[in-house]
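Participant: Heads up: the protein sequence lines correspond to chains D and Y, in order. Just so we're aligned: the first sequence equals residues 21 to 225 in our numbering. Just so we're aligned: the second sequence equals residues 5 to 471 in our numbering.
Bear in mind the hints are in silico, worked out from the structure with no lab data behind them. Predicted model only: the values in this text are computed from it and were never measured. Positions of the beta carbon are idealized from the N, C-alpha and C atoms, including for glycine. Hints should not be assumed to be uniformly reliable.
[What the hints assert, rightly or not] List of simulated lysine-lysine pairs, DSS-like, C-alpha gap at most 30 Å:
| hint | chain 1 | residue 1 | chain 2 | residue 2 |
| --- | --- | --- | --- | --- |
| 1 | D | K193 | Y | K168 |
| 2 | D | K89 | D | K118 |
| 3 | Y | K168 | D | K118 |
| 4 | D | K207 | Y | K337 |
| 5 | Y | K168 | D | K75 |
| 6 | Y | K12 | Y | K276 |
| 7 | D | K55 | Y | K74 |
| 8 | D | K118 | D | K157 |
| 9 | D | K188 | Y | K12 |
| 10 | D | K207 | Y | K267 |
| 11 | Y | K337 | Y | K462 |
| 12 | D | K207 | D | K157 |
[To be verified] Covered stretches of chain D (chain Y as the covering partner; in silico rule of three or more C-beta atoms under 8 Å from a C-beta of chain Y):
| hint | stretch |
| --- | --- |
| 13 | 150 to 156 |
| 14 | 175 to 187 |
One-letter residues, chain by chain:
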Amino acid sequence: MEPFKTHTGLAVPLNRVNVDTDAIIPKQFLRKIEKTGFGKHLFHEWRYSDYEGTKENPDFILNQEPYRKATVLLAPDNFGCGSSREHAPWALGDFGFKLIIAPSFADIFYNNCVKNGILLAQLKSLEVDEIFAFVDKNKGATVAADLPAQTITAGGKSYSFQIDAFNKECLLKGLDGIGWTLQFEDKITSYESKINSQHPWLSRG
Amino acid sequence: MSKTMFEKIWQDHLVRDSQGDTAIIYIDLHLVHEVTSPQAFAALRENKRTVRCPEKTVATMDHNVSTRTKDITKVDANSRTQMDTLSNNCREFGVRLYDFADKDQGIVHVIGPEQGLTLPGLTIVCGDSHTATHGAFGSLAFGIGTSEVEHVLATQTLQQSQPKTMLINIDGQLSKAVTSKDIILYIIGLIGTAGGTGYVIEYAGSAVRALSMEARMTICNMSIEAGARAGMIAPDDTTFNYVKGRDFAPQGNDWEKAVAYWKTLPSDVGAKFDRVINIKAEDIKPMVTWGTSPGQVTSVDGVVPDPETLKDAVDRTAARNALAYMDLTPGTKISDIKIDKVFIGSCTNGRIEDLRAAAQIVSGKRVAPGVTAIVVPGSGRVRIQAEKEGLDKIFIDADFEWRFAGCSMCLGMNDDQLKKGERCASSSNRNFEGRQGPGGRTHLMSPEMAAVAALTGKITDIREFVN
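Work out the full structure: start from the sequences and follow the hints.
Facilitator: Structure below.
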């Protein structure tokens, strides 16, 4: 995984609440065994006016200039709700998104993004509203994230966000989570021998 | 000190507590299916890692399978590739697999409980957000992404930050024809689709205690639709009676030991929850969604709301978008909405009790002209049991289609889909735009209400129907 330290990029406002992962990447594109190539189908039903994805819907914001090159996504509450499909961050990342700013995110989606080097910055509703207003007024404006400092900068104003210390470290270092856990393999082994004797019905062998 | 059931299970599974970083918790049961696992197995292979506990890993094929045929050559090439990939992965890593042709194949959240793999006090994960279903047994069960699937395969553990706890008490007696599906839709309407974000919800109270195991599973299943990581219900005699004697349930001496442990799990008197909600069972009516989010829900005797009357600007915009997509006009009576299709099935409502309840309603009657109705059992075992009871004949005689087990039209990954503009009365769990097929319109409700809708061709108040 690519480490994430800072990012400055063009921000696109997606003014829809409760954007679910079915909308981010519809089911017909989940029948793959790779992690790549999902970006073309990001927001498929909104982005294209035909099932095959050959005709763009000109009303959808990602089909308008300058947003085709957006790397920062702004959204209202509960972004990424619904299905646990990690294809959603794969699609967002493949399109080019590095940073998503919203007042709240769904839990599983949040974890999935951290695992894919995408920073989710949770700001207060009023702060997100301010950034929405700023990018609406200044089409094509950039928004910046500084993960070590835990700040988002937009329109000369700085906003701080909270992030779990471990998630922060994972993003900053591009950490291999499995490698990290396996440094405690002896603890896993001793847990297993303890629990298998206390709760023998758990060793299903 | 008094503890919640969640805290007890969490502490019993701590391999390593957080030291300013993250806790590592042990996973007792890992359920796997064909859509969210191929990339995880591929990464294991790439990194020369292996499956730590194949015996605690169980796989099935459910999302992609055809419900019309058991002939794998008849499914599309991409789905077939995913199924073949799962077969190969399970063979290579020694994981037990119920493949598309196995008589015990079925939706992952139906087969776990029916085989006794799901037990109280376990930690259970699956690359599927409806894993919360298993919490009905008093286990901690939740959905994970593919990177986490890989992590569990390799280490049998997960890195987790401790969630907050919410208690939802539902006391009193449910009114006639009100089901556990109505309870959970009512709760989602009340707390919103993000109301549970960051929480594990425990459902309690006399109305919950009175429910069967299958009805409890329906409630826990849709916890994710309220944003919650997991839903749980304390184990009791109903739980123990359901589990006893199942294929993988503890036996003999182990059974006694297990029950003694399970009886220690319910939340202690005085245990502190971060949030408590009290609901009167009598306030709950049969519920139907009108929008494109499960929180856009009302009772069947209600009307489609007017977005302009909503206080919150964001809700207003969301409701406007939803009504445009659903092609509904504010003020329309819910019971005047005509439907084209009916889907009875899914991990929410595809169990034998659901099929019995629906069959009782349609027995001796006919699906309304112009309506297509399908019944998709949750598993091969549910299908066989239903056939033993003659339910298949009741459905077929009433012009329902009787299918093989799978996720089917809940998410339309196979060929069971709504066409653009079609409207469906569905016993499933999500009414998102395009969920059941691009341009399709979903109204979520209980399987009983979906069955009535099939007969009348419109959403119908079951209370009038059964009277």
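Participant: Just pull the numbers of the violated hints for me, sorted ascending.
Facilitator: 4, 5, 12 and 13
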